[in-house]
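As they're listed, the protein sequences go chains S and W. Take the first sequence: its letter number 34 is residue 36 in this note's numbering, and every next letter is one higher. Take the second sequence: its letter number 12 is residue 14 in this note's numbering, and every next letter is one higher.
The set of hints was computed from the structure by calculation and includes no laboratory data. Wrong hints could be hidden among the right ones.
Each pair may be met inside one copy or between any two copies, as identical chains are not told apart.
Derived lysine to aspartate or glutamate pairs resembling EDC-like cross-links, with alpha carbons at most 16 Å apart [claimed, not checked]: (1) K138 to E63; (2) K44 to E71; (3) K138 to E58.
2 protein chains.
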Amino acid sequence: MIQELANELRQKYGIEFKDLSLLDEAFTHSSYVNEHKELNLKDNERLEFLGDAVLELTVSEHLYKRFPELPEGKLTRLRASIVCTKGFSSFSREAHFDRYVRLGKGEEQMGARNRDTLLEDLFEAFNGALYLDQGKEAVVKFIRQIIFPKVDVGQFNEFTDYKTALQEELQTNGEVEIAYHTLSEDGPAHERVFHVNVTANGEVLGEGQGASKKRAEQAAAKTALTQIKMNQSSQTN
Amino acid sequence: MIQELANELRQKYGIEFKDLSLLDEAFTHSSYVNEHKELNLKDNERLEFLGDAVLELTVSEHLYKRFPELPEGKLTRLRASIVCTKGFSSFSREAHFDRYVRLGKGEEQMGARNRDTLLEDLFEAFNGALYLDQGKEAVVKFIRQIIFPKVDVGQFNEFTDYKTALQEELQTNGEVEIAYHTLSEDGPAHERVFHVNVTANGEVLGEGQGASKKRAEQAAAKTALTQIKMNQSSQTN
Numbered sequence: 003m004i005q006e007l008a009n010e011l012r013q014k015y016g017i018e019f020k021d022l023s024l025l026d027e028a029f030t031h032s033s034y035v036n037e038h039k040e041l042n043l044k045d046n047e048r049l050e051f052l053g054d055a056v057l058e059l060t061v062s063e064h065l066y067k068r069f070p071e072l073p074e075g076k077l078t079r080l081r082a083s084i085v086c087t088k089g090f091s092s093f094s095r096e097a098h099f100d101r102y103v104r105l106g107k108g109e110e111q112m113g114a115r116n117r118d119t120l121l122e123d124l125f126e127a128f129n130g131a132l133y134l135d136q137g138k139e140a141v142v143k144f145i146r147q148i149i150f151p152k153v154d155v156g157q158f159n160e161f162t163d164y165k166t167a168l169q170e171e172l173q174t175n176g177e178v179e180i181a182y183h184t185l186s187e188d189g190p191a192h193e194r195v196f197h198v199n200v201t202a203n204g205e206v207l208g209e210g211q212g213a214s215k216k217r218a219e220q221a222a223a224k225t226a227l228t229q230i231k232m233n234q235s236s237q238t239n
Numbered sequence: 003m004i005q006e007l008a009n010e011l012r013q014k015y016g017i018e019f020k021d022l023s024l025l026d027e028a029f030t031h032s033s034y035v036n037e038h039k040e041l042n043l044k045d046n047e048r049l050e051f052l053g054d055a056v057l058e059l060t061v062s063e064h065l066y067k068r069f070p071e072l073p074e075g076k077l078t079r080l081r082a083s084i085v086c087t088k089g090f091s092s093f094s095r096e097a098h099f100d101r102y103v104r105l106g107k108g109e110e111q112m113g114a115r116n117r118d119t120l121l122e123d124l125f126e127a128f129n130g131a132l133y134l135d136q137g138k139e140a141v142v143k144f145i146r147q148i149i150f151p152k153v154d155v156g157q158f159n160e161f162t163d164y165k166t167a168l169q170e171e172l173q174t175n176g177e178v179e180i181a182y183h184t185l186s187e188d189g190p191a192h193e194r195v196f197h198v199n200v201t202a203n204g205e206v207l208g209e210g211q212g213a214s215k216k217r218a219e220q221a222a223a224k225t226a227l228t229q230i231k232m233n234q235s236s237q238t239n
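Using the sequences and the accompanying hints, generate a full structural model.
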């Protein structure tokens, strides 16, 4: 199990854990420890304590440097929208952490594996373990892949016009012809779902869906932007 | 002014700032910027945003390593009693930061220079500047002098028996004769203040005062312990 996780981390994020017992600890929920007292395991709560502070600093430092003109109040609000249950649990799911956490049977039956607060704690514990194993730069390298591209496309801003942002991103390298195409329209009249893609000079950059054509186009632009930022960040690694 | 601060930092803490404009920014309150718009200054709020996270991590990491057996709940409570207005403002005063902050006239008249929340922000901003100037290790070196010795003597614990702690500290190097001496008893009967000192083999280690002889002895033991820990930490630097 832990070996499988280690493989996935290596392939997806280029992370090579030195001390697998730290990784094990990060993915061990207290309910599992309680059910296996004879194994004398450590749960992930101390790593969560540390990881919480590691993420607070690495995210803060990124925002501080990325937005040199943003006043403190806006930086604080932006940080709060990233460093929160909703944000961290979604990153945990994206990294498939929910598949690997060791839970007690009772908690498993209660659906804890998909509980946001558990996945938030798990994300913190993982980053605490990574920090102890390899230092701050390793954490930065990881969240540069899983958090920063989303910050760059404005996912945590109160409102972002992704279509405008995509246009600005693409026009920096000269004129590009951006077009949105409706691929399908499904559902009954009061629950319409539009599927849209966006192309630049004919090349498909992303797809999206939404309850209106406008929302679907925004979703497609957001997908395209995220993809572009992720490609950029992996090229600079 | 900033040169005077730089000198005090060098002499007291061995900190040599490379970029004095960062130090200037850390000690510039928004009220000063507002009164001197023509100077186009930056206030210390963005550094405070960063420093807050820097201190959160450096203190957390120290507690995590210093107390390997402490469960997450206790670590969190201990951290909260350090990383707070009361803690940070007292460290600011100890380092004489209150003498150097640049305030607007209105705030100065309102007594802002001695306001706990302002001194807390100042402590954060200073550590944010130190982090940008020299990295995390420089911040650790600083708070190893100004915070960690107090953690070691249990100043942030819910209750600590300083007399026992002092005895344990001194007995590690063989038998030592510890004695408490009442120096004076002042005030009316219902507001008695006792002054006490503590000696080890006749040498005075610290003084303290309190509303009872017992409290005064605890205070003297705490002073002695803090002094011992600070000497130890400066020797290992």
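To see whether the hints hold, each was checked on the structure:
1. K138 to E63: both (11 Å within a copy, 12 Å between copies)
2. K44 to E71: between (44 Å within a copy, 11 Å between copies)
3. K138 to E58: both (12 Å within a copy, 14 Å between copies)
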